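Peer 1: Let the sequences and hints guide you as you build the complete structure.
Residue numbers (this note's numbering), protein chains in the order written: chain F, 1 to 250; chain R, 1 to 249.
Incorrect hints may appear among the rest.
As the list claims (entries may be wrong) - In silico BS3-like cross-links for lysine-lysine, where the CA-CA straight-line distance does not exceed 25 Å:
id, chain 1, residue 1, chain 2, residue 2
1, R, 28, F, 73
2, R, 32, F, 74
3, R, 19, F, 73
4, R, 32, F, 111
5, F, 18, F, 247
6, R, 4, F, 74
7, F, 18, F, 64
8, R, 28, F, 108
9, F, 55, F, 18
10, F, 73, F, 157
11, F, 132, R, 32
12, R, 32, F, 133
13, F, 73, R, 23
If you are wondering where the hints come from, they were derived from the structure by calculation, not from laboratory data. Computed from a predicted model, the values in this text were never measured in an experiment.
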Amino acid sequence: MIEVREIHKSFGDQSVLKGISATFLQGKTNLVIGQSGSGKTVFLKSLVGLHEVDKGEIEYDGRKLAEMDDDAKKELRTEMGMVFQGNALFDSISIEDNVTFALGMFGKMPKDEMLDRANFCLKRVNLDGVNKKFPAELSGGMQKRVAIARAMVLNPKYLFCDEPNSGLDPKTAIVIDRLIQEITEEYNMTTVINTHDMNSVMEIGDQIIFIKEGRKAWEGSSEDILTSSNEAINDFVFSSALFRKIKAKL
Amino acid sequence: MIVKEAIHSVGSYFILLGKTFKKPESSKEYWKAFMRDLDYLGLNSVWIVAVISLFVGAIVTIQTAYNLDDPLIPDYYVALATRESIILEFSPTMISLILAGKVGSNIASTLGSMRVSEQIEALEVMGVNPASYLILPKTIALVLFNPILIIISMFLGIVGGYLAADYIGVVAPADFIQGLQLEFNSFYVAYALIKTMVFAFIIATISAYFGFYVKGGAVQVGINATKAVVTSSVAIIVANYILTQIILS
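Peer 2: Here it is, written out as structure tokens:
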């Protein structure tokens, strides 16, 4: 479980996060939604410690991020996996080396075991026969799967995904969403996903927080979202004609 | 404002150096990165160093021969002048400036691209020290391999001079060999190699600094790669002056 209490983050005189609190539960896909520029990415990067927050607390199963020394932070990071918006695969090394990278860096596994683990993770994301290829040789959807395989290689307790289906066609996007949900449940991870895609929200949103202009404007589940009377969330969800039609039928 | 920015940049550069020279997380992974960098940044530069050195050696010999066209000056002085020019300045300094362009822009643009495509952040999330993993192997590769490149350059520069002298007929081969051996001071080679190692450190770390802290997109990567080449070239020239004062005086 990850607990976030009243976090604030500014860049110069621009305040991006203005006191967000949230609890992200284990074994659930926790979605952070909001318009582009609402502060979702800064929020996610603050959670993983890429940005130091100005105020507030972030707690990983009772361990306060701000109170950790470098070694404790390093230890925590081996419990994290992250899928970046642009995949962030290392383009100078093969897919196999991308997936085994963290194992080689931190594990004491023999090479054979590392390869077995890489093959297991690649198979789990339904990728086969791409071990020796380079990231640039794969499609966007395949690269996303590799990024997920790389994120899960150390068997993380916490999985973070920043816009995991951006740039993908709707069908592939749903496949990726479901894959993330499946591995979250299978490995009982605490998963936090940034998205502005309403299909993802309806498909895998166990718990959702909605950020508007750096503040949490709504919280609920995918079932609540269509029936909520909150003006901010309605404005976001029903900007789509499809969802307006769905609401009319409810 | 400019002074404030310059002080900030120098401070950030030294902070980055502090992060770079930390204990590696895994010697095996760093070794792999070192070998990749040695191949990419070092071995890939051999051909350009060879071609330039061969021709510059020839040009220096021809120009010296035409400028020493005096019956009172023995022909073998042409070879001596070529040797001293190549060993003292051309190979260590000019070749390092060329490498600042080739290798420096490569390092800055590679790290810059990694920054904008979030690969550096991915390393950080994994718990890897990105400064150390990305910059340390490159720095060691250049500091160890550039002296080899410079020795190749010295050798080929002199060979180029010998071939040009023989082909054009400005100095007889026997005179050229005699000139090469005349008053040879082996300390000059050591001086050149010490300079080269300092220049290699400058190229690797300054270029890495400009790449590592890219903010923005592809355009900024290009701008920072140019800044990396310009700044490391200026730093090489300044360091050359300081080292020459310290070592030769």
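Peer 1: Hint by hint, say whether it matches the structure.
Peer 2: Right, here's what the structure says about each hint:
Between residue 28 of chain R and residue 73 of chain F the alpha-carbon distance is near 22 Å, which keeps this suggested pair within the 25 Å criterion. With a CA separation close to 22 Å, the supplied pair residue 32 of chain R and residue 74 of chain F stays within the 25 Å bound. Restraint check for residue 19 of chain R and residue 73 of chain F: the C-alpha separation of about 16 Å stays at or below 25 Å, so the hint holds. Pair hint residue 32 of chain R plus residue 111 of chain F holds up; C-alpha atoms about 14 Å apart against a cutoff of 25 Å.
Distance hint between residue 18 of chain F and residue 247 of chain F is unfulfilled; the C-alpha atoms sit about 31 Å from each other, more than 25 Å. About 34 Å separates the Cα atoms of residue 4 of chain R and residue 74 of chain F, which puts this hinted pair outside 25 Å; it is violated. Restraint check: the Cα-Cα separation between residue 18 of chain F and residue 64 of chain F comes to about 20 Å, which is no more than 25 Å; the hinted pair holds. Between residue 28 of chain R and residue 108 of chain F the CA atoms are separated by roughly 11 Å; this keeps the pair inside 25 Å, and the hint holds.
Restraint check for residue 55 of chain F and residue 18 of chain F: the C-alpha separation of about 9 Å stays at or below 25 Å, so the hint holds. At most 25 Å may separate the alpha-carbon atoms for a hinted pair to count; residue 73 of chain F and residue 157 of chain F meet this at roughly 14 Å. A hinted pair counts as satisfied when its Cα atoms are at most 25 Å apart, and residue 132 of chain F with residue 32 of chain R qualifies at roughly 17 Å. Distance restraint check for residue 32 of chain R and residue 133 of chain F: the Cα-Cα separation of roughly 18 Å lies within the 25 Å cut-off, and the hinted pair is therefore satisfied.
About 16 Å separates the Cα atoms of residue 73 of chain F and residue 23 of chain R, which keeps this hinted pair within 25 Å; it holds.
Going through the hint list in order, the structure does not satisfy hints 5 and 6.
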